[in-house]
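Starting from the known structure of chain A, fit chain B onto it as the hints suggest.
Residue numbers (UniProt numbering), protein chains in the order written: chain A, 1 to 315; chain B, 1 to 62.
There may be inaccurate statements among the hints.
Stated by the list, open to error - Pairwise CB distance ranges, derived in the manner of DEER restraints:
# : chain 1 : residue 1 : chain 2 : residue 2 : range
1 : B       : Pro61     : A       : Glu280    : 46 to 56 Å
2 : A       : Phe243    : B       : Pro34     : 23 to 33 Å
3 : A       : Pro263    : B       : Met1      : 33 to 43 Å
4 : A       : Leu74     : B       : Arg2      : 38 to 48 Å
5 : A       : Arg218    : B       : Pro34     : 46 to 56 Å
6 : B       : Gln33     : A       : Ile50     : 30 to 40 Å
7 : A       : Pro263    : B       : Ser58     : 40 to 50 Å
8 : B       : Val52     : A       : Arg276    : 25 to 35 Å
Derived from the structure by calculation, the hints contain no laboratory data.
Ideal placement from N, C-alpha and C gives every residue a C-beta, glycine not left out.
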Amino acid sequence: MTDDIISRERVGAPGALRRRIAGLSDRALAWVFIIPTIVLLLAINIFPLIWTIRLSLTNYRANRANDELEWVGLRNYERILTNPDIWNSMQATAHFLFWTLVLQVLIGFSLAYLINKKFKGNDLWTTIIVLPMMLSPAVVGNFWTFLYQPQIGLFNYAVAFVTGIDPASFSMIGDVRLAPWSIIIVDTWMWTPFVMLICLAGLRSIPDYIYEAAEVDRASRWRQFWTITIPMVLPFLMLAVLFRGIENFKMFDLVVQLTGGGPGSITELTSINLKREAFEKWRTGYSSAYAIILFVTVFGLASIYVKALNRVKQR
Amino acid sequence: MRSFVHRLARLRRGPWETVATVLIALGVVMLMQPFALAIYTWSFAVTLTGTVMFIIVSHFPE
Numbered sequence: 001m002t003d004d005i006i007s008r009e010r011v012g013a014p015g016a017l018r019r020r021i022a023g024l025s026d027r028a029l030a031w032v033f034i035i036p037t038i039v040l041l042l043a044i045n046i047f048p049l050i051w052t053i054r055l056s057l058t059n060y061r062a063n064r065a066n067d068e069l070e071w072v073g074l075r076n077y078e079r080i081l082t083n084p085d086i087w088n089s090m091q092a093t094a095h096f097l098f099w100t101l102v103l104q105v106l107i108g109f110s111l112a113y114l115i116n117k118k119f120k121g122n123d124l125w126t127t128i129i130v131l132p133m134m135l136s137p138a139v140v141g142n143f144w145t146f147l148y149q150p151q152i153g154l155f156n157y158a159v160a161f162v163t164g165i166d167p168a169s170f171s172m173i174g175d176v177r178l179a180p181w182s183i184i185i186v187d188t189w190m191w192t193p194f195v196m197l198i199c200l201a202g203l204r205s206i207p208d209y210i211y212e213a214a215e216v217d218r219a220s221r222w223r224q225f226w227t228i229t230i231p232m233v234l235p236f237l238m239l240a241v242l243f244r245g246i247e248n249f250k251m252f253d254l255v256v257q258l259t260g261g262g263p264g265s266i267t268e269l270t271s272i273n274l275k276r277e278a279f280e281k282w283r284t285g286y287s288s289a290y291a292i293i294l295f296v297t298v299f300g301l302a303s304i305y306v307k308a309l310n311r312v313k314q315r
Numbered sequence: 001m002r003s004f005v006h007r008l009a010r011l012r013r014g015p016w017e018t019v020a021t022v023l024i025a026l027g028v029v030m031l032m033q034p035f036a037l038a039i040y041t042w043s044f045a046v047t048l049t050g051t052v053m054f055i056i057v058s059h060f061p062e
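Chain A on its own, in the form it takes in the complex (with noise of 0.2 Å):
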C-alpha cells in the first residue's frame, strides 16, 4: 500500500522532487513533514516560555528597552510572592473560579440530562441554550452591563420582581458585596452551554442496553442514575472542568468589559492584574515572573487532572 502511494508519487513529481524523493527512506520521509511542525511549536511555544524566564530574572522595560539590562535574580518573584494586592487578586480568582465551576457543572449537566430525554422541539431547544456561547465576550460584557444597570437594567428588575425589593436599591457592578458574583452570573451564563454540549455527548454515549439490563435487574431510577449514569459520564466532566478550569483562570475579556476590576480592585483577577504590571506600568520583568508563577499553576492542575482522567478511563 505505502509503496504503491510512494510510487503513485513518484510518477506525479517533477524530476528534481522525484529524485529526492526517491532517496529518501520511509523513516526520513516522516520526518520531513514531522520538522515544520516543530520549528512552529518551539517558536511559538517553547522559545516564548524560555525568554519569559530569562526576563523574569531582570529588570527589562518594554518601554525602555535600551536601558541596561540588570540581572535581578530571584527578587521579581520575592515581591510577587510577598505583595499583598497580588494576593488579594489570587482570592478573587479563586472565588471566581469555584462558583463559576460548581454553578457551570451542576446547570450544565442537568440541562443536558434534561435535553436529552426525548421530547417535541428538543432540537430548537438545544439552539437556544447554546447560544449565549457563540457570542463574543466583548458583546457579552457590554449588554449584561445595561442589565446590571440599577435603573433601566432589566436583571435588576427580574429580581425586583421575585423578591419584592426595590430595583434601584442595589447595583451589581457598582457594589463590593455584588461585584464578584455579577461577573460568576454572567460567566456561568454565557458558558453554562459548553459544560452541557460536553455533558450531552457523554449521556449520548451510553449504550441504552445497560439501562435495560439495569431495568431487568430491577434497579430504581435514582440507582440506575448513581452507577450507569454519573460514572459514565464523569470523564466527560472532568474534561469539561478541566476546560473551564484553565479558561477560567485565565478569564480577561469579560470581566474587563463589565467591571474593569473594580469597583476598587475587587473584581480584579490575576490576568487583569498582569495585564496591568505589563502594559500600564510597563514593568516586564516583574510581570514575566507573575506569567511564570501563573503557568507553572495551571500546569500543575492540569498535570493532575489528565492523571484523574486517565485512572477515571481505565475504570
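Showing chain B alone in chain A's frame:
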C-alpha cells in the same frame, strides 16, 4: 501504608505521582487561601516542586 512506603522506596511511579499531586494541590491551596500571607509566600515553591517532581516521576516504571 507499608506497601506505599515500600513502593516509594523502590521508585515506583504510582506513589511518587501521588506525592507530587499532593504537593501541587497543596501549593495551589496555599496560593489562593485568604488566611496568611506567609503561607502564600511559600506557595510557589511548593507548586513548583510538585510540578517538577510530577514531570520526573511520570517516567518512573509502573
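To see whether the hints hold, each was checked on the structure:
1. B:Pro61 to A:Glu280: 46 to 56 Å: holds, 50 Å
2. A:Phe243 to B:Pro34: 23 to 33 Å: holds, 26 Å
3. A:Pro263 to B:Met1: 33 to 43 Å: violated, 51 Å
4. A:Leu74 to B:Arg2: 38 to 48 Å: Given about 40 Å between the Cβ atoms, the range holds.
5. A:Arg218 to B:Pro34: 46 to 56 Å: Distance hint for Arg218 (chain A), Pro34 (chain B) holds at roughly 49 Å.
6. B:Gln33 to A:Ile50: 30 to 40 Å: holds, 31 Å
7. A:Pro263 to B:Ser58: 40 to 50 Å: holds, 44 Å
8. B:Val52 to A:Arg276: 25 to 35 Å: holds, 30 Å
Checked against the numbered hints given earlier, the structure breaks only hint 3 and satisfies all the rest.
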